[in-house]
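In order, the protein sequence lines correspond to chains A and B.
For the first sequence, my numbering gives the first residue as 130, with consecutive numbering after it.
For the second sequence, my numbering gives the first residue as 161, with consecutive numbering after it.
Derived from the structure by calculation, the hints contain no laboratory data.
Treat each hint with caution, since some may be false.
Said to hold, decoys possible - Each computed DSS-like pair below joins lysine-lysine, with the alpha-carbon atoms no more than 27 Å apart:
(1) K638/B x K200/A
(2) K502/B x K317/A
(3) K222/A x K638/B
(4) K387/B x K287/A
(5) K256/A x K693/B
(6) K392/B x K291/A
(7) K291/A x K693/B
(8) K214/A x K740/B
(9) K237/A x K262/A
(10) K387/B x K301/A
(11) K292/A x K740/B
(12) K292/A x K387/B
(13) K242/A x K222/A
(14) K392/B x K287/A
(15) K287/A x K502/B
(16) K214/A x K638/B
(17) K502/B x K453/B
(18) K237/A x K638/B
(19) K387/B x K512/B
(20) K256/A x K740/B
(21) K255/A x K740/B
(22) K740/B x K265/A
(23) K693/B x K317/A
(24) K255/A x K381/B
(25) K222/A x K402/B
(26) K402/B x K214/A
(27) K200/A x K291/A
(28) K222/A x K453/B
(29) K241/A x K387/B
To be verified - Okay, the calculated bits of chain A under chain B, using three or more residues with CB under 8 Å as the criterion:
(30) 192–199
(31) 205–215
Every residue, glycine too, gets a C-beta built ideally from N, C-alpha and C.
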Amino acid sequence: MKYTALEFFFAVAVLFHAELWANAPQKHLMTDPLMGLSYDPDSVHFDFCPRGFDFREGSITGKQWIFAKCKQDESTYYIYSGLFKHWSDRDEKWVDSIMEPDFGSVVKITGKKFEEIGTPDVLYGKKAKLSEKAGKCLVEDAVNRYSIAFGNISGLQKAVTKKGIAAENLPKILVDALRSGGVTIPDKMTGYPPEKSP
Amino acid sequence: MHDTPFQGPGDKDLKRMGMPDPWEPDSMFKSTEDSLVRGQGGGGLSKAAQETLEARKQNQPQTESPPETYAFPTVEEETAEDAVKATPAVLSEAKWTQPDTLFHRDAEVSVKLALPQGKEHITKVQVELFAQTPAGPESISKGEGWAQADGTAVITVPVYKPQGHVDGPVEYFFRIMHSLAGMLSGEKQSRHVSEMALKSADHVLVPGIAFERESSFIPPKGARGLKPVEAKFREWDKTYSKKAQLAVFGHADKGEKDAKGLSERRAHSAFAFITQDAAAWEKLYVVEKWGLKALQSLLKDLGHYHGASDGQDGPKTQAGFKAFQKGAGLPESGTEDSGTRKALFAAYMKGKHDIKIDASRFCKVAGNPWMGCAGNNQVKEGREAAPENGRVAFILIVPNKHFPVHFPCRDGNEAACQAQCRKAGKRSAAGIQCAFYDELVREVTPAAAKEPEPPVKPKKDIGYSIEKAVAHLNTNAKQKSIHKCATYVRQAIQAGGGVLPTTLSHEYAKEYGPVLSAMGFQKLSTEGYAPQKGDIAVFQPPLGEDAGHVQMYNGTEWVSDFFQGDSPDIYPGPAYRNGKVNYEIYRP
């Protein structure tokens with residue numbers, strides 16, 4: 130069967146388009162490490178982490194964000210998190226196509242010393258690994274960053290309400306900071322009006 | 161089984177002697193427990209039976225009327241007087257026909273029946289199954305069969321768990337009855353049953369369905385409420401490699417007529433909606449006379465009608481029908497007919513709400529993939545009518561190798577419901593009466609469980625060392641997650657001597673539930689749960705994520721690939737905590 134030049138170019142164009150489509154980056158949702166808000170990182174913008182901030186070889190995607198930052202005395206505290214490749218337990222290898230949000234991490238940097246404090250659950254103060262002062266400073270900065278990332282306080286409020294977050298499920302210092310920042314949070318999950326049917 | 165052929169006492173004989181009705185298991189065992197259960201008495205005969213035989217020898221007059229309470233209707237018109245006069249009928253060689261059985265499956269009992277001349281037609285034999293419980297024998301189920309030409313009768317009885325039983329083996333025995341031969345107790349043929357025939361994975365109530373009284377029509381609000389069922393099913397389907405099955409249970413509220421039929425129609429209606437069976441809805445429309453009001457609400461939902469759904473025909477309704485018919489390529493009559501209704505139902509199911517689960521994925525009862533619980537299992541107790549009682553509940557089941565299971569439910573027959581509901585006692589939730597339903601719901605909604613935690617199996621059962629597993633995890637875990645929770649916990653299990661089954665997937669952390677069950681770990685209730693060293697928690701993922709999480713308790717804190725001691729609860733982070741994701745606890 131003979132092909133005309135037009136048919137040939139058409140076929141090439143189709144293949145080229147299909148290749149572009151196949152290679153288009155897949156969209157992955159991110160979850161913030163303080164409240165568990167799920168969001169599209171292309172729409173909600175937190176500051177990117179500096180290079181070399183993380184040591185987890187193999188799983189890094191290059192996408193990590195700072196959710197809180199605070200200077201206390203000689204040290205700077207960060208709460209950061211990111212999207213990481215999925216680790217297949219069965220095959221024992223990283224799977225590039227699946228991305229999972231991290232639990233996040235609280236770090237303390239003093240000069241050149243990089244200290245891992247734990248996940249953001251340290252804000253509950255259960256083990257006193259983070260001073261109350263540093264914790265308070267971090268969550269106040271977090272509220273500021275969150276309101277900028279979600280557009281404004283109203284945008285943050287909308288995300289919090291949509292998720293149905295209640296004070297009973299957050300560290301107290303974070304609840305205080307959110308309420309001081311103008312975000313309304315009921316004490317219990319039942320404090321929200323029922324979600325309207327679509 | 162008795163060693164010698166036994167001619168047991170007739171019902172009248174027992175009653176005349178002041179004994180309770182043998183067809184009433186409770187009363188029977190109150191007075192004859194020793195003789196029936198432990199098989200005391202000469203030659204395998206109970207004391208009562210011996211007395212009865214003595215009475216027969218003396219030809220005492222038979223004056224009493226038949227007992228009023230019979231659990232089984234007697235087909236034959238034979239009287240006890242005839243039985244006494246005739247050559248004795250004999251039951252013998254009673255035995256289980258299968259090597260073993262499982263909870264919620266049928267068991268078969270066979271027996272030889274020898275009948276006297278002229279009575280060969282009285283072949284019906286009845287079997288009652290009992291379970292030995294700490295409180296004494298409990299009547300479990302009954303069945304009946306007919307002796308064949310060679311005198312052998314095979315009778316099927318379903319094996320349910322006794323009331324309140326949570327875990328461990330149960331000892332069962334049977335009793336065989338014949339109207340002429342009397343009873344033959346099979347206490348020496350006892351057997352133990354310890355395994356469930358099914359594993360139910362989840363329980364989804366559909367709160368969005370608001371049925372009107374006496375109706376199975378699903379209005380638009382209810383249709384939206386069915387969407388989560390599909391989402392949940394897809395989620396479990398993914399988790400269990402397309403092995404999940406759906407069981408649909410319909411219910412009726414207090415005071416609704418034909419509760420059994422209505423509950424079945426509601427389940428059928430929801431099933432038809434999910435499988436996009438418009439023809440089934442057309443039948444329900446006709447049977448229940450849904451009327452114009454229902455059709456108006458559908459036209460409105462599809463955007464063809466803007467008036468009130470009041471059942472009143474008028475220009476707006478006719479215009480609505482015409483608009484729909486035009487779009488569907490039907491004759492524009494402006495009125496309803498069967499073809500228009502079917503097309504309307506199809507558009508409502510497929511075009512508008514588009515929920516679709518294949519019919520083959522539903523558990524069947526008597527050929528139908530839905531069940532009706534009549535007015536049982538109400539979520540709101542009290543005398544007042546409550547629409548939430550007239551609901552449809554979906555239960556997701558992950559069957560094991562023994563599937564399909566025996567559902568005690570029966571279409572159009574409320575006796576099966578009543579048999580299950582007679583097992584009174586503590587239930588998992590208010591208003592739940594049916595033992596089978598309760599067990600399913602309790603198993604799949606641990607929060608509602610009120611039973612004590614099952615005893616921990618000895619470590620030797622699965623050849624597993626908790627200490628070694630925990631030590632391995634403590635040695636290797638980090639301060640923060642490195643996204644390898646499943647691998648770290650698995651390696652700890654293996655260090656403890658656990659061997660993973662090769663047939664089950666463990667690509668994701670969330671898949672570890674079935675893996676641990678297969679290894680012999682015991683699933684615990686999460687209500688009132690207190691962690692013990694070596695316990696493993698398996699989390700489903702928060703919304704938008706795939707992998708889930710798995711963690712082990714080291715005696716002080718939860719550990720996965722990182723130490724989680726900062727968490728205020730069992731959840732590994734805020735996305736799990738605020739999402740209140742489902743989790744399961746397994747104990748070695």
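Need the list of violated hint numbers for this structure, in ascending order. 2, 7, 10, 13, 15, 23, 24, 27, 28, 29 and 30
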